[in-house]
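Chemist: Here's the letter readout for the chains.
2 protein chains.
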Amino acid sequence: MQQPVTAEIISIGDELLYGQIMDTNSKWLSEEMDKIGVRVVRKTTIGDDHQSMLGAFEAAAITADIILITGGLGPTKDDLTKSVLADYFGSSLELFPDALEDVRNLFHSRGKELTATNRSQAYLPSNCKYIRNEVGTAPGMWFEEKGKIFMSMPGVPHEMKYLMEEEVIPRLKKKYQLPVIYHKLVRTVGIGESWLSDLISDWEEKLPAHIRLAYLPSLGEVKLRLTAFGTHQELLAAEVETHIERLLPLISKYVYGFNDDILPTAIGHLLVKHGKTLALAESCTGGYISHLITSIPGSSDYFNGGIIPYHNEFKEAVLGVSAEVLTSNGAVSEATVTEMARHARNKFHSDFGLASSGIAGPGGGTKEKPVGLVWIACDDGQACHTRKLQLTKDRTVNIHLTAIAALNLLRETILRATT
Amino acid sequence: MQQPVTAEIISIGDELLYGQIMDTNSKWLSEEMDKIGVRVVRKTTIGDDHQSMLGAFEAAAITADIILITGGLGPTKDDLTKSVLADYFGSSLELFPDALEDVRNLFHSRGKELTATNRSQAYLPSNCKYIRNEVGTAPGMWFEEKGKIFMSMPGVPHEMKYLMEEEVIPRLKKKYQLPVIYHKLVRTVGIGESWLSDLISDWEEKLPAHIRLAYLPSLGEVKLRLTAFGTHQELLAAEVETHIERLLPLISKYVYGFNDDILPTAIGHLLVKHGKTLALAESCTGGYISHLITSIPGSSDYFNGGIIPYHNEFKEAVLGVSAEVLTSNGAVSEATVTEMARHARNKFHSDFGLASSGIAGPGGGTKEKPVGLVWIACDDGQACHTRKLQLTKDRTVNIHLTAIAALNLLRETILRATT
Chain A
1 MQQPVTAEII SIGDELLYGQ IMDTNSKWLS EEMDKIGVRV VRKTTIGDDH QSMLGAFEAA
61 AITADIILIT GGLGPTKDDL TKSVLADYFG SSLELFPDAL EDVRNLFHSR GKELTATNRS
121 QAYLPSNCKY IRNEVGTAPG MWFEEKGKIF MSMPGVPHEM KYLMEEEVIP RLKKKYQLPV
181 IYHKLVRTVG IGESWLSDLI SDWEEKLPAH IRLAYLPSLG EVKLRLTAFG THQELLAAEV
241 ETHIERLLPL ISKYVYGFND DILPTAIGHL LVKHGKTLAL AESCTGGYIS HLITSIPGSS
301 DYFNGGIIPY HNEFKEAVLG VSAEVLTSNG AVSEATVTEM ARHARNKFHS DFGLASSGIA
361 GPGGGTKEKP VGLVWIACDD GQACHTRKLQ LTKDRTVNIH LTAIAALNLL RETILRATT
Chain B
1 MQQPVTAEII SIGDELLYGQ IMDTNSKWLS EEMDKIGVRV VRKTTIGDDH QSMLGAFEAA
61 AITADIILIT GGLGPTKDDL TKSVLADYFG SSLELFPDAL EDVRNLFHSR GKELTATNRS
121 QAYLPSNCKY IRNEVGTAPG MWFEEKGKIF MSMPGVPHEM KYLMEEEVIP RLKKKYQLPV
181 IYHKLVRTVG IGESWLSDLI SDWEEKLPAH IRLAYLPSLG EVKLRLTAFG THQELLAAEV
241 ETHIERLLPL ISKYVYGFND DILPTAIGHL LVKHGKTLAL AESCTGGYIS HLITSIPGSS
301 DYFNGGIIPY HNEFKEAVLG VSAEVLTSNG AVSEATVTEM ARHARNKFHS DFGLASSGIA
361 GPGGGTKEKP VGLVWIACDD GQACHTRKLQ LTKDRTVNIH LTAIAALNLL RETILRATT
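These protein sequence lines map, in sequence, to chains A and B.
The opening residue of the first sequence carries number 1 in this note's numbering; numbering runs sequentially from there.
The opening residue of the second sequence carries number 1 in this note's numbering; numbering runs sequentially from there.
In case anyone wonders, no lab produced these hints; they're calculated from the structure.
Being a predicted model, the structure only gives us computed values, none of them experimental.
One or more of the hints may lead you astray.
A pair holds if it fits inside one copy or across any two, identical chains being indistinguishable in the list.
[Claimed, not checked] Think about it this way: if two alpha-carbon atoms lie no more than 20 Å apart in a straight line, the pair counts; the simulated SDA-like pairs of lysine to any residue are:
#	residue 1	residue 2
1	Lys367	Asp394
2	Lys276	Pro297
3	Lys27	Asp14
4	Lys206	Tyr176
5	Lys369	Ala335
6	Lys35	Ala209
7	Lys223	His158
8	Lys206	Glu15
9	Lys223	Met22
10	Lys173	Glu239
11	Lys161	Ile21
12	Lys27	Pro157
13	Lys161	Leu219
14	Lys367	Val5
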């Protein structure tokens with residue numbers, strides 16, 4: 001296999017180091033490089049500081065073929081990228097007439113006169129190729145030296161994206177013979193990383209060298225990412241699919257979707273496919289399950305509505321849970337959550353009713369019912385399926401884990417009811 | 001001024017280089033270091049690769065005093081951080097009995113047996129100090145070598161934050177004589193950054209050099225952060241308070257709280273203070289407002305409950321909005337949202353009823369009622385206050401902006417009703 005073309009992404013700006021803004025640029029650049037088969041080997045963030053920038057450029061040129069730089073290009077004095085690049089290449093800043101023309105035109109089109117500060121934006125390192133930025137005043141600069149590409153772009157996201165899409169990516173594709181890469185995500189829920197790893201270890205061992213597996217765990221879920229490297233997109237896709245076909249029987253119970261389909265999306269697909277509808281009764285999750293469901297465009301096609309009877313008296317008064325069940329079992333109990341699911345289903349004339357009741361914490365726990373104790377239930381009209389969870393001491397984590405577990409119970413119930 | 005204590009943040013994971021997840025950890029760590037007066041000088045992101053990790057550790061030890069490492073600590077084989085750290089320090093992995101005990105207890109408390117894979121998580125570099133992670137299975141590891149601190153933490157955000165807040169920050173404060181920094185956040189809602197800047201420009205001009213102002217805008221809100229540098233905490237605090245006292249009259253209408261008090265927390269304080277209760281009727285926000293309210297510990301003291309009549313027929317059937325109002329005005333109208341707020345308040349015997357109805361998008365818009373049109377209402381028993389919003393074409397953004405605007409309307413209504 002040929003050596004991959006590599007890239008480093010350098011983000012410049014004190015505001016990034018101080019945590020004042022999220023560096024969304026470097027994530028976007030990573031994704032774009034990944035799509036065209038360039039392997040990002042490092043991302044570096046530094047401040048508006050001459051020495052740090054010089055050091056970063058030097059280190060990047062050792063590691064990577066392509067160095068993508070964002071930030072430090074505004075007209076103010078703390079923006080140093082141009083002069084450090086000139087230093088690094090041993091060139092000097094000179095006036096680029098076409099750059100000056102472009103800045104002048106931009107200001108003219110906005111009905112403004114060119115200031116001296118803006119005029120300075122047309123001074124660029126003499127060894128760069130000036131790349132026009134049609135959507136802003138900071139220029140793009142392309143350098144080719146000693147077999148390396150340096151590309152300097154503004155930090156403003158839409159200006160950077162414009163330059164990448166219109167100029168940089170087409171140039172890189174022309175310049176390098178890029179490998180073909182095929183990714184596929186397999187999304188699982190209801191099983192931890194280590195159990196999953198145990199179930200699929202034999203299959204994992206047999207993956208060929210050009211297909212890599214990664215575990216991507218997040219709270220309540222684990223994604224498996226397969227990445228294949230080669231020369232033919234269709235061939236790689238077919239090969240990855242073959243491996244996934246062998247994988248699925250080992251973990252079919254836990255797989256809810258692929259690629260960008262998050263759990264609420266997968267549930268939406270299931271409900272639409274079978275023409276079914278959903279209602280919720282949320283106590284400890286306090287509207288979070290409903291929020292996850294309704295974040296998906298088109299959810300009004302299958303989500304009828306929900307009730308959040310947060311204070312116990314409204315479990316009876318608004319939702320209709322019987323006073324007797326509540327007093328003899330308590331709000332956090334299998335009996336209560338079963339009634340909650342049933343009443344939600346009935347109130348909203350739905351096929352499925354999903355309910356949660358638990359002690360999210362940090363307060364409200366007792367010896368018998370500690371913080372983190374949660375009951376969830378899903379009623380499909382024939383039966384009510386329940387599950388007891390013992391979660392953590394952290395309120396936010398408990399709310400999230402309960403929602404994921406409840407959505408998974410719903411998924412299993414839909415599958416059972418429709419097959 | 002003495003040399004600042006410096007830090008480098010190293011984030012490990014192929015998924016970060018490929019752009020599959022956003023590195024929220026490094027932003028959070030940057031903010032926390034900034035708060036305690038440690039200067040972050042570089043952030044580096046590398047993949048699950050032995051050589052890259054070794055190189056990053058070596059480079060970081062040259063640049064920074066403190067090296068904060070996240071990621072690469074799961075139980076699966078692509079997680080290499082522990083073995084590379086052992087290599088880097090010339091130590092070796094050995095079983096830490098207290099780490100094993102902790103992993104075993106965690107699994108036991110979740111009713112699960114320890115697997116061999118999880119057992120391996122108790123093997124740590126022999127020269128580290130094991131730092132207990134009470135909220136997960138990946139350990140914290142603290143190293144002190146040649147005047148540098150290395151701290152390795154899991155990449156799972158809430159586990160990393162737990163270790164930082166409970167263990168790392170207290171240790172760093174003890175270990176270094178950090179400069180005295182005093183921060184205060186002034187939180188505003190209902191006004192944009194540039195308008196805010198215009199209102200306070202005279203005040204801003206008069207700030208002394210050792211007090212810095214930063215605008216921290218986020219969707220629907222702008223925070224002002226004042227940072228004072230000096231030698232005496234009490235003196236700085238008093239000085240900052242004096243400046244804030246001068247600031248508040250200029251923008252009092254928009255200020256809802258200070259420091260960590262997010263908007264739902266501020267509303268909780270107001271409701272508790274006046275002994276009042278809240279009910280919700282959410283259509284386009286689909287449970288998100290309820291989720292924001294119930295994310296706050298203790299919200300059961302003032303939040304009675306909510307109804308999400310997502311499908312229109314249940315605005316009538318479950319919530320009680322009159323059929324006539326719905327048919328003659330439509331669901332997205334001032335008349336409907338007014339009834340929604342009133343019925344929510346009555347159903348849940350609450351002091352305030354808050355409601356939303358709108359077209360979140362991307363579908364469902366018409367010429368008269370385009371995507372992004374939203375009505376919100378707050379009923380206090382005497383009157384119902386409404387507001388019309390015209391937001392964006394983005395569903396997620398619209399849901400969030402509606403929730404913030406609705407909470408702000410609630411805040412204003414509570415203030416009016418209680419003074």
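Chemist: Run every hint past the structure and note whether it holds.
Modeler: Structure-based check of all given hints:
no., hint, result
1, Lys367 / Asp394, "within (17 Å within a copy, 46 Å between copies)"
2, Lys276 / Pro297, "within (17 Å within a copy, 35 Å between copies)"
3, Lys27 / Asp14, "both (18 Å within a copy, 12 Å between copies)"
4, Lys206 / Tyr176, "neither (32 Å within a copy, 50 Å between copies)"
5, Lys369 / Ala335, "within (15 Å within a copy, 44 Å between copies)"
6, Lys35 / Ala209, "within (18 Å within a copy, 46 Å between copies)"
7, Lys223 / His158, "between (24 Å within a copy, 18 Å between copies)"
8, Lys206 / Glu15, "neither (46 Å within a copy, 22 Å between copies)"
9, Lys223 / Met22, "between (23 Å within a copy, 15 Å between copies)"
10, Lys173 / Glu239, "neither (23 Å within a copy, 53 Å between copies)"
11, Lys161 / Ile21, "both (18 Å within a copy, 18 Å between copies)"
12, Lys27 / Pro157, "both (11 Å within a copy, 17 Å between copies)"
13, Lys161 / Leu219, "between (23 Å within a copy, 14 Å between copies)"
14, Lys367 / Val5, "neither (59 Å within a copy, 46 Å between copies)"
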